[in-house]
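Undergrad: Here's the letter readout for the chains.
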Amino acid sequence: MKEKLFPVVMVLLAAAWMGSAMRAPSAAPDGLRIHEFGRIPVVEGGRLKPLDTVARNHLRIVATKETFKDKEDVSHPAIVWLLDAQAGLFGGREAHRHPVFRIDHPQIRDLLGLQPREGYRYSAEEIAPHFDALLEALKTAHERKESGKQLDVYENQLMEFERHLGSFRRIAEFDIPNVIPPHDGKDWMTFKAAVQMSDRGNLDPYADGWKRMLKAYAAKDVKEFNEAVASYHERLANERPEEVKRASLESRFNALDPFNKAKWLYLVGFLLAAFAWLGWSGPLNRASFWLLVFVYVAHTLALGVRMYLSGRPPVTNLYSSAIFIGWGCAAFGLGLERAYKLGVGNVLASVSGFVTLQIAHILAADGDTMEVLQAVLDTQFWLATHVTTITLGYAATYVAGLIGLIYILRGVFTTSLTPEVGRNLTRMMYGATCFATFFSFVGTVLGGLWADDSWGRFWGWDPKENGALMIVLWNALVLHARWGGIARDRGMAMLAVFGNIVVSWSWFGVNQLGVGLHSYGFTNGITVTLITFAFTQAAVIGCAFFPREIWRSKLPLKAGPEEEKIKPDA
Amino acid sequence: MTKPGEDVVDRIVAFLGSLRLTVVLLGLSITLVFLGTIAQVNAGIWTVMDQYFRCWIAWIGGWFPFPGGRLLGAALLVNLLISHAMRIKVVARGPRLALGVATLALGLALTWFVISHVFDLDSTTRTINPSQRVTIQLIQGGGAAAVLFVACWLLFQRKAGIVLLHAGVVILMLSELFTSVLAEEGTMTIFEGQKVNFVEDSRTSELAIIDASDRAADDVLIVPESKLKEGGLIRLDGLPFDLEVPSGKFFKNAFLAPLRAGEPNPATQGTGLQVKVESRPEAAGVDSSGRVDLPAAYVTFTDRSSNSSLGTWLTSVHLSRERGAQTIRAGGKEYQVSLRFKRTYKPYSIYLYSFKFERYAGTSTPKDYSSNVRVEDPERGIVQDVRIWMNNPLRYRGDTLYQSSFDAETEKGTVLQVVDNAGWMAPYVACMIVAVGLIGQFQLHLLEFLRKRRTS
Amino acid sequence: MRIAILIPLLLATASCGRQEEIRRYKAPKDPMWRMLGAIVPMKDATWFFKVVAPADRIGAYKEEILSFVRALRAEDGEIKWTMPRGWQEDHAGGPGRQACLHFGEQDPKLEMTVVRLPGDGGGLVANVNRWLEQLGLERASEAQVAGLVKKVSGTNLEAQVVDLVGPTRPAGGPRGMARPEPQAAPRSGEATLDNVRSMFTFERPPSWKENPQPEKSRIFEFRIDEPEGSALVTFTIMGGEGGGLAANINRWRGQAGLEDLGDQAVSRSAVPLPFVGTEAWLVEAIGKEKAILGVIALNPQFSMFLKMDGAPAVVTAQRSTFARVAQSFQMKGRHD
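Chains as they are written, first to last, in this note's numbering: chain A, 1 to 570; chain B, 571 to 1026; chain C, 1027 to 1362.
Take the hints with a grain of salt, since some may be wrong.
[What the hints assert, rightly or not] The calculated EDC-like cross-link candidates involving lysine to aspartate or glutamate, where the alpha carbons are at most 16 Å apart (straight line), are:
#, chain 1, residue 1, chain 2, residue 2
1, B, K926, C, E1047
2, C, K1314, A, D187
3, C, K1052, B, D781
4, C, K1052, B, D788
5, B, K916, C, D1056
6, B, K912, B, D771
7, B, K799, C, E1046
8, B, K765, C, D1082
9, B, K982, C, D1133
10, B, K797, C, E1047
11, C, K1055, B, D788
12, C, K1235, B, D788
13, C, K1055, B, D781
14, C, K1052, B, D789
If you are wondering where the hints come from, they were derived from the structure by calculation, not from laboratory data.
Can you make the complete structure from the sequences, with help from the hints?
TA: This is the structure:
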């Protein structure tokens, strides 16, 4: 009975956790309806979004978090920071007191005379006294950059910090976002522009609404603020209902933070599957499986909402490619678990889900994850077909590689790789590689067709195309090696693991070429991570080279009859 | 044939058709692609294409010999054909064989028709959105692929998918070969109100010597860049003078600097008296700003009849654009001399009504560029208004015109990429053939696998 | 099977490159560009009315343009015109540019630009030669220029009209001709670019590559090329007060993709800087794709603009160099 209940309990707990975040956030403790304010739709970076997203994106860039603690150590959501900054126009000075600027580099802190503290976040007020020193240092850094010298980590961080300060200044001076909706034939514009364009004495009604809200906030007049926000919303809801609905949905989506929650649940699923190897495997594996199914459904729904909000097919930039690869790998993993019930599928789905969503989380630090697309990229058809297919190809290659890792690690370091398990894993790798070949080939050719449709050249041998070609060729190589009898179980596992390196090169490595080798060199985080990753995979392949005799799992030294059936007559 | 001889040939053939060789060749190909990608950091894409992929031997780092793209492609092709011949037998007999061959013939004919645009029309008169257009093209390819698959199924049974997908890969490779040899690309830069009837290829230049005395048409003599690079004396038949490029006086990429008084100067006439050439490295790298090389050359003209020098002139692509051609007087006539990007005249001309550049609200990120043009073709009597915009090219008379870029300074000039590539439909067909082949083959495996699991 | 060996031989033939030869052909004439310009000298200023378009387009409108010129009248020292039916006016454009008139039935509309420069605006011969160069024609002597010019009478003024046809497209819009110092006597009666140039000295940073043949209106032009992009530095002089500080700042902001500032914000954003002994402002407009740094020096007689325009990464890195160069500008004959 306990065995049947356990999976159900796990799923219910997960559902409850996710569900709790879905309740619409209510007003702040002091009664100010800041979340309603956060739902106001504005345009920034060419895209319609709620103010809440603007606040979160910018705070995330500046403070690496979407919430902040003020001087009294009370936690506030990002929208409060934005409000405080904007209220600066009407006399508020709160924003300058909030410690939000994260300064990791000790040399910069020294320059500004700041003591190290937990979290390394400082306020504008604390930075101000030594601002001149900062400007001097920046001047030197810019000069060095302009004269073509390589900048060191300190200088790069300085310039990054300059960008953060600039971001804050633009919010405070209301240069971003465009808050005044289109009316009277004018497009979205900033508050300042609306004020300028108004006739003397007759302020633009929307600008007037903003003035009311911000003045009330600066004066800490709760009643007036709430009324101002409500009436602004009402006006907007009448004139632009569609935008209000979307902005509202997006702000709830932000609050829910589904991808991060899914990430942690994937980790829980992994722990369950890992413990299943130690004992009580039936219920633990089942619990893991059903929990992962739940997470997967949530992952899918979140992906769907993203597609609705951005109006685009699932993959449009690096961030969304990470989310989609995770989705694809998890699907494969769960499918394999259904077919083989070895617990391997669970591990696959959960590890790939966790890792890709963590990568996505890191990529999100760059700014708006739903940024608009450059003209040449702006076609729904190709985004839906080429990009999706090739991303699935990446996912399938990773799946094969993950299975390869499991095969080698289990075989060398544990006794759990029985011949039966070995055969099943090999079949899984083979199947995944077949899928990978199909998707990556079709995806690459679709990419070529897109290029031909856009600028007349099917194949231009540029780095991204070459990366995709390498994946296709590698998968083909693995299949041919299998069919030619050159690679059996172990060989296939080794080749599959190498495939991980090839995909990572194609996904991230080629992007670094134009940038990484010129301006950042090997101090860039991504390049370092890539190289480290490649080494870890190479290390595992190296382990596989150990003679079979010293593998902890005893496997037959010659290929059994079962294996012969997989290749066509050679 | 003696036994040992046959034995050797058989062994060679077996080697050439082995899967082991396939794996090695694929491994070498991946390595070549990787090395070529790294090389692009410092060299331009076109240079790497020529040095690594469109040649027989690739010299890595300039000194290490490695099989080039063409060699690997040819080897893979040989390996494929021999391996198929060795392992895949036609299993059909009698009526099935006849039907199979007939279907194969039909399939090949369809494929040929699709590739040679029998079903395609110029797009001047229709505007379809890109997804429809591409879907139709893929469906055409899919149709041919389906017929071919049926033929392969009849002839080869279980191996049908493999044969088909390899055939598709071969078509793809041959199409890239075809493109590399025969396709031509260039750009048309048109300002609002202007009509242009030629295409420029900024990858190479030519020296144009024009006799404009005839009111109806210009008499143009072209000296291609390759000849200028070679240097030496170049006879210009039909003109009263010859030219020579002194050695080392052709610069693939040059910057023109002001000439200070007293500086040595090879030029004795023309604009070359005021500016001098400073050589610059060729535009290179994965630089997305797409800078082009601006060639320049010092050219000495010699009057053939009197053997007297007509001077040494500086010609440069940049100067020709800014200041027009320079005039040489010889044999009682005037000749306009200018170094310009290689020009190909088209039988039609494009007139630009307007160029529009839309941005996303509040940003400078381009959302869409579009050109409203008029196609004028006196030969065919066509005068047609057409709109060309991003991802929506105009296909006319075998050329495809794409909205590529625009004049950033005035935003009133459009740059269209014009591609003449007769085989552009081949990849669409190849894609579908391979896809059908792959699906067919994997279906087979999947069915077998499921059948086995059900019985186990 | 042996036939399979033939394939590589076939492929080998494909590798034969196409060796290019000298060739000869008949080509259609390149379309010419035509410029109809009217120069109207007044007491303190000179007005320029100019239409530039492909030659085959202007022909039909020549009469319309000439009757427009004939209808010009001088009023209170300014020139006023009557808008013919179907013509539209807008005031976009740089300093010195008074208006832009659009006319014509077919898209794109033809444009007549109206520019007012103080004094003689450089003189008839200099301006006609500038236009000849823009069209890719050879410069003309004073006598030749006199032959090109036709006098057309307006209501109460006289216009000197030229109708020029040449092969090159004139780039850019009409800008002021450099107005040399009153004391400096130009050598051959024309103010040449070299004369003006030799009046200025300033620091030239090594990474700034000079372009010796800048567009006609630019006195100096430099290019900075970096891995992350490039930037162009230009130095131009306009007659007159150049449109005012706010207008110029907002124009540059527009070019950088930023929107305009109100007057207060404008004066806050400009940093005062002495430049060539004149009061000047250092201005920045840093957009996402394009960034502009500039020094604007306004003077009742003429205004000077030193501008850096290009990729934001490059421009922001050049801030201090730019400021340094600006401060090093000296003009001969000008006392601080």
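Undergrad: Which hints, by number, does the structure contradict?
TA: Numbers 1, 2, 12 - these are the hints that the structure violates, sorted from lowest upward.
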